[in-house]
Every structure is written in C-alpha cells, then in structure tokens.
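Knowing the structure of chain A, use the given hints to seat chain B on it.
Heads up: the sequence lines are chains A and B, in that order.
Quick note, the numbering used here runs 14 ahead of the 1-based positions in the first sequence.
Quick note, the numbering used here runs 4 ahead of the 1-based positions in the second sequence.
Keep in mind that a hint or two might mislead.
Partial selection, computed: residues in chain A whose CB lies under 7 angstroms from chain B [what the hints assert, rightly or not]: (1) Cys17; (2) Ala36; (3) Pro43; (4) Asn60; (5) Ala62; (6) Ala63; (7) Arg67; (8) Asn68; (9) Pro73; (10) Cys170; (11) Leu186; (12) Gly189.
Calculated directly from the structure, the hints in this document are not laboratory data.
Glycine included, each C-beta is placed from N, C-alpha and C at the ideal position.
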Amino acid sequence: MRCVAVGLAAWLAVILAGCRLAPGHPPDPDSRPDQVLDFATLYDQNCAACHGRNGQNGPAIDLGNPEYQALIDDASLRKWIANGMPGTEMPAFAQSAGGMLTDAQVDVLVAGMRKAWRAQDAFAGAAPPAYAPAAAGNAGDAQRGQQTYQVRCAGCHKAGGEDIASSTYLSLVGGQALRSIIIAGRPDIGQPDWQHDAPGGKAVTPLSAQDVDDIVTYLGTLRSAATTTVSAQGGGK
Amino acid sequence: MPGMKRAAGRVYAWLERRLQLAAPVKDAVLHPVPRNTASWWYVFGSAAFTLLFLQIFTGILLALVYVPSAGEAWNSLNVLNHQIPLGWFLRALHGWGSNFMVAIVLIHMAQVFLFGAYKFPRELTWILGVFLLLMTLGMAFSGQVLRFDQDAYWGLGIGASIVSRVPWIGGGLVHLLLGGPIIAGATLSRFFTLHVFVIPGAMLLSAFLHVWMVLKLGINEWPMPGRLVSRATYVDQYNQLTHEDGLPFVPGAFWKDLVFSGAILAAVAVCAFVFGPYGPGGQPDPSIIQTVPKPDFFFLWIYTVLSYLPPAMETPFILIAPIAGIAILLALPFYASEGEKSWHRRPVAVLVVTTVAVCWAVLTQLGTTTPWSPHMSAWSSDPIPVSRLHALTPLARAGAVVLQAKQCRNCHSIGGLGGERGPALDDVATRMTMDQLRFKVVTGGGNMPAYGKNLSPPEIEALVTFLETLHPANEPPAYDPAQQQAIEAAQPSGSAP
Numbered sequence: 015m016r017c018v019a020v021g022l023a024a025w026l027a028v029i030l031a032g033c034r035l036a037p038g039h040p041p042d043p044d045s046r047p048d049q050v051l052d053f054a055t056l057y058d059q060n061c062a063a064c065h066g067r068n069g070q071n072g073p074a075i076d077l078g079n080p081e082y083q084a085l086i087d088d089a090s091l092r093k094w095i096a097n098g099m100p101g102t103e104m105p106a107f108a109q110s111a112g113g114m115l116t117d118a119q120v121d122v123l124v125a126g127m128r129k130a131w132r133a134q135d136a137f138a139g140a141a142p143p144a145y146a147p148a149a150a151g152n153a154g155d156a157q158r159g160q161q162t163y164q165v166r167c168a169g170c171h172k173a174g175g176e177d178i179a180s181s182t183y184l185s186l187v188g189g190q191a192l193r194s195i196i197i198a199g200r201p202d203i204g205q206p207d208w209q210h211d212a213p214g215g216k217a218v219t220p221l222s223a224q225d226v227d228d229i230v231t232y233l234g235t236l237r238s239a240a241t242t243t244v245s246a247q248g249g250g251k
Numbered sequence: 005m006p007g008m009k010r011a012a013g014r015v016y017a018w019l020e021r022r023l024q025l026a027a028p029v030k031d032a033v034l035h036p037v038p039r040n041t042a043s044w045w046y047v048f049g050s051a052a053f054t055l056l057f058l059q060i061f062t063g064i065l066l067a068l069v070y071v072p073s074a075g076e077a078w079n080s081l082n083v084l085n086h087q088i089p090l091g092w093f094l095r096a097l098h099g100w101g102s103n104f105m106v107a108i109v110l111i112h113m114a115q116v117f118l119f120g121a122y123k124f125p126r127e128l129t130w131i132l133g134v135f136l137l138l139m140t141l142g143m144a145f146s147g148q149v150l151r152f153d154q155d156a157y158w159g160l161g162i163g164a165s166i167v168s169r170v171p172w173i174g175g176g177l178v179h180l181l182l183g184g185p186i187i188a189g190a191t192l193s194r195f196f197t198l199h200v201f202v203i204p205g206a207m208l209l210s211a212f213l214h215v216w217m218v219l220k221l222g223i224n225e226w227p228m229p230g231r232l233v234s235r236a237t238y239v240d241q242y243n244q245l246t247h248e249d250g251l252p253f254v255p256g257a258f259w260k261d262l263v264f265s266g267a268i269l270a271a272v273a274v275c276a277f278v279f280g281p282y283g284p285g286g287q288p289d290p291s292i293i294q295t296v297p298k299p300d301f302f303f304l305w306i307y308t309v310l311s312y313l314p315p316a317m318e319t320p321f322i323l324i325a326p327i328a329g330i331a332i333l334l335a336l337p338f339y340a341s342e343g344e345k346s347w348h349r350r351p352v353a354v355l356v357v358t359t360v361a362v363c364w365a366v367l368t369q370l371g372t373t374t375p376w377s378p379h380m381s382a383w384s385s386d387p388i389p390v391s392r393l394h395a396l397t398p399l400a401r402a403g404a405v406v407l408q409a410k411q412c413r414n415c416h417s418i419g420g421l422g423g424e425r426g427p428a429l430d431d432v433a434t435r436m437t438m439d440q441l442r443f444k445v446v447t448g449g450g451n452m453p454a455y456g457k458n459l460s461p462p463e464i465e466a467l468v469t470f471l472e473t474l475h476p477a478n479e480p481p482a483y484d485p486a487q488q489q490a491i492e493a494a495q496p497s498g499s500a501p
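In isolation and in its complexed conformation, chain A is listed as follows:
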C-alpha cells in the first residue's frame, strides 16, 4: 500500500514538474505582428526575399556588404525602407506610406543592419565618393561619362548578356542604386567596388567622385523617355 502511494506521488511529481516538457505543451502565444521588434525576425519576414539571407546573394543589392553600410547614412537607409526607392522595385514598408511596419520596427531594421553588418574601417583608409551626388539630379557630364564607361566598365559589361547600357535594364535601376553599386560593389556576386572598377577588377586608380557622377549621368541618358514614363506609372506600388 505504501509502495503504491509513493509511486503515485512520484508519478504525479514527474507529471507536474515535466509538464513543460510534454509534447503537447503549448508554445508561447503569438505576439501581434506590429509588436515584433526582433531584428532577425523582421529582416527575414520583410527584406530577405530580395536582399538575401544575411544581406547576401539576393537579387537586389547586398545590404550585408560592409562597404555599402559604411557608405550610406542612417537617414537615407531609413528613408528608403520607410518610403521606398523611386525608380526601382523597392516598395515602401512604413505604415505611413502604405506598408505594414511601424516606425519603431523601421528603426529596429536600421539599427539591426548597422549592428550586424557595419565593420570598422570598411574602406581600409580610402575615401570613397560620397553616397549622394554632389549636385542634385546627378549633374555629371554625359559625354565624359560615356568615355569613362568605355574604359572602365564596358570591358565586362559589353553588349550581350552582361550589358547594362540597355534602356530596359536601366529603367528598372534608379540613379542612386547604380551609384551605390558602382561605389560599394557587390562582393557577393563578384562585382568590384570603385577602387577596382576596371577590366578584370584591376584598376590603376580608383574612380573619382566626378567619374561616378559622369557615368551615372551617362547611363541616365540611355533610359529612353518613353520607358521611364511607363516605369513611373507601372513601377509605383
């Protein structure tokens, strides 16, 4: 009789103590989608599809590139996430602009990317061209840009598969996006940065700020007026 009682008590104790380990123990309740403030979760739910897991190997720009993170300032990063980037497929994510994220969630994304991917001294002492063009509207010289493009870019981006000087491609990539890729490169897919923008990724001199302005202006002229108009209509989400 005593044995049975002790056994029963032990069994009850195991059940009570181990009930958290039971296979049927319910998981923690879901929090509201607008109260999720974990960077990894927010990034995976909202950004990873285009920018890749860990900010790499996505079809859109690699946010995990330390050079890109060093180039762009908080305000710009925040602006593109919240309001989208005109001239590209980047949609607006802030609730104020029709998206699903609260201001606090956008802040978490900005801070999280900085913490995860900004490296100390990403440019190894070199000074890159500024993130934004010196004058509003990319006031470079298109003719000089064409020459620079022929020398520094066309070696790889020659006509054919790698061609980027087509109006179709350029209608989908805005001037600022081109500028960011020219300066920071895309190491995840082997695209060089401004110091190495030259045939074979071996440049004698880095591109100057003026060179970048010129190339972006030149490529801008290749977007035909017609496609840009349609893109502005159709591209807006």
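For chain B alone, coordinates are given in the frame of chain A:
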C-alpha cells in the same frame, strides 16, 4: 468495523425508505438483454455518454478561469495555457474530448442505422439521437467561438454571412446571432450562454430521455437476415428472445461498455498529452490581416464544399442542403419503421453510409491540404535559392527582383518556398516559350490575374528574361519549332558547320 457497517446500513435504509430508488435501479441493472447484443458493436452509445460527462467535468473546471468578455477571453486562455499548472492539459482534454465526442456520436449513428435499430418501436430514440447530434455539432461550433482567436473571429464572420443569406429575415437573424451588428462582447456572451447553459442543459435532458427509452424498450437485438420487424408481433418476439436467450445487462454486456469507455478516455488523455490544446491562435483583431483562418477539423468539409461550389449555387445549397439533410434523418424511422433490419439485405443503406463516409473523408482531406490561399508574405520573406541567381545577367537579376516585388511568389513557389495557388516555377522555362511566358504574364488566364496593366514593358521583359533561366541544367528551355525554323531559314546558307 461491524458497528460502522451497521451504521451505514441504517443510513442506507433511511434514505431508501424515502427515495425508493433500489427497485428501479435493480430493474435497470438486471434487465435481460439478448445474448448476441452483448457485442463490441454496441459500445458507442455508452462511450458518447461517458464523453458527455468528461466534457461537462472539464468544462466546469475551465469555466472557473475563463472570462467570457471580448477583451479578456483570449488572455484568460493564455493564463490557462501558461500560468496554471496543467491548465493546458485541461484545455487539451476538453478540446480532444470534443473531437472524440463528435466522432463517436457519428460512428454510433452509422452503427444504429446499419443495424436497423431506428425501426419500431425505437423511432423516438432515433429522433432524439438526431437532435443530440445537432447539439453536439452546436457545442463544437460554439466551443470554437469561445476560443476567441482569429479562427473564431473569422469563423463567426462566415457563420454570420451564411445566416445573412436567409431570405427576408437574414439581417434580423445575424443581429440575433451576433447580439448586434458586429462581432463584439455581446457575441461572446451569447455563445458562452449557449455553450455553457442552453445546449448542455438540453443535451443532458435529451441524453437521459434517450437512455431511458433504451432501458424501457430494450437494446436492439442483433439483426438477422430475414427476421422482419412488424408492429403487431415485434414486442412479443423481442421479449421471448430476451427471456429464452438473454442475460442480465450487468455484467453481461456492461463490462464491454466499461472497458471501451475507459479506453476512449485514455485515448483522449494520450491525444491531449501528445498534441496539446487547440490554440488560441492570434488575437481576434480584424486589423491584423496576416492570418489564414480555418475552421476546426469537423467543419473542414463545409469549408471545402463552399470553396468548390459555383457562386450561383451557394445560397440555394447553404439554405436547402442542411434542412433537407435533417428532414431526411428525422423522416427515416417513419419511412422505414418496419421490415428488414440486417445490413445483408439493405444494400442501399450500406451504400449510403459508405458514400457519406468517403465524401466526408475526401472533402476533409481536400480542406486540410488544398492550398486555397496565397502565402501573403512569401514575396518579402522567401528568398530565391542562391543557385537560381548564380551567374545571371543584370537584366535577369532585375527580373528576379520584379518577381519578388510584384508578389508573384505569393502564388508561385521556387525551391519549395512560396505559395502553391499557381504552379511552381522551378522549371517553368521547359514548359513555356518566352513568348508564351510574356503572354501569360500580360493577359493572365485560368486563376491568374492579368498583370499587363501593373507592369511596365521593361518590368515584363526583365521578368520573362528571369523566368527563361528557370530550367534544369540538363534540360533546355522550350522553344517554338516554327520560329526556330524561320530563324534558320533566314540565316545565309553555309553558315552552319
């Protein structure tokens, strides 16, 4: 010890002198039943009765904590799940008890139907049983509402829209169902009252009458092919059978009922322990649109039927089918109150049960597995496999961005990730030529909307360029042979090696 025994005997005698229950209980316990009905086929009714009491017992314990208010219900379920020791297990017992009860009631009904037990003189037992089935389903639905999560909220919305289709009085009925024009606190109070007072009360009363009639009229004898039921002779034949070849209900048949009910209770406990309680899912807030509500298991078949019905058929079906179904069930014992009981000579009955069971299983399976809804967050959360992006041209890469940003992924998967509403795109280039892809994107077709007006020409071009790269390495993309021929014919002769 003998003194205590004597005292107990005196108390019993005092009570019995006033209650006089000994004789009727003895009658019920020892009443003879046909020997061949002491069978494992006759245990489902008592198991349903046992489950009813499990539900009442666990329900009372849950009601001690549950708060039937729109603001508190969801929180109180989470308190049960996480703060009260074994509270989750209690919820799981009640939830799985409900599943088992619906299942056992349906099996009981099928068995009674196949054994012809609804025939004279047990017509009223059957009719009460039909109402007990409806009340069981009512308990299941109102219980789902009390869980007051997103499934409950949208389930109520669907229930209200079904009710609203009743001609003339639909609006009034919705008001009555929801306790106002919207799903709110009054709705929950209403369903709490139904689930806790009204339906269980009616159910207990009906269940006792049901059992009372079983005791008074006797348990249906094992059906023998050729032994026909006739109003004039049945009762005498039955009495003769129970006296010549019968045994007392206890313990002759009762021990099988006990063993089976015990096994069912154990099965409920195991399911509760292993699979846990149902929900609650997300908060019942209509402003949260990141949700794919689904009804509980036993209502999935309705969900499937409603999904497949052509829109014009919906209202007639919703309004006529349930009433017709209930009317048929109620009319059955009057239509066929005499005659053959054995399923060996009732092929239509066997076919009906088989057809209903197969239809129900198929519809439930479809409701469980069919991807009715797009994955609304796939476009922003499901990356394209890196191998698919490797060595893409800039234009195709831009096309991959278009594919994501225009939310194609919500319906089309790549690499197993994404929606399943449309076909997977992993090898779409082997199925469609570039022209066909372009045409499909622009004009849509089948279930796919036309994207011609939502995409600019460069976006379409980039998207199709990317889709054209989606083929296995050892399988070239599809091409149009006529076009290929024209290209070859246009080339100057001699250029071919």
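Now the hints, each set against the structure:
no. : hint   : result
1   : Cys17  : 23 angstroms, violated
2   : Ala36  : 6 angstroms, holds
3   : Pro43  : 5 angstroms, holds
4   : Asn60  : 5 angstroms, holds
5   : Ala62  : 5 angstroms, holds
6   : Ala63  : 5 angstroms, holds
7   : Arg67  : 6 angstroms, holds
8   : Asn68  : 10 angstroms, violated
9   : Pro73  : 4 angstroms, holds
10  : Cys170 : 11 angstroms, violated
11  : Leu186 : 4 angstroms, holds
12  : Gly189 : 15 angstroms, violated
Going down the numbered hints, you'll see the structure goes against 1, 8, 10 and 12, while the others check out.
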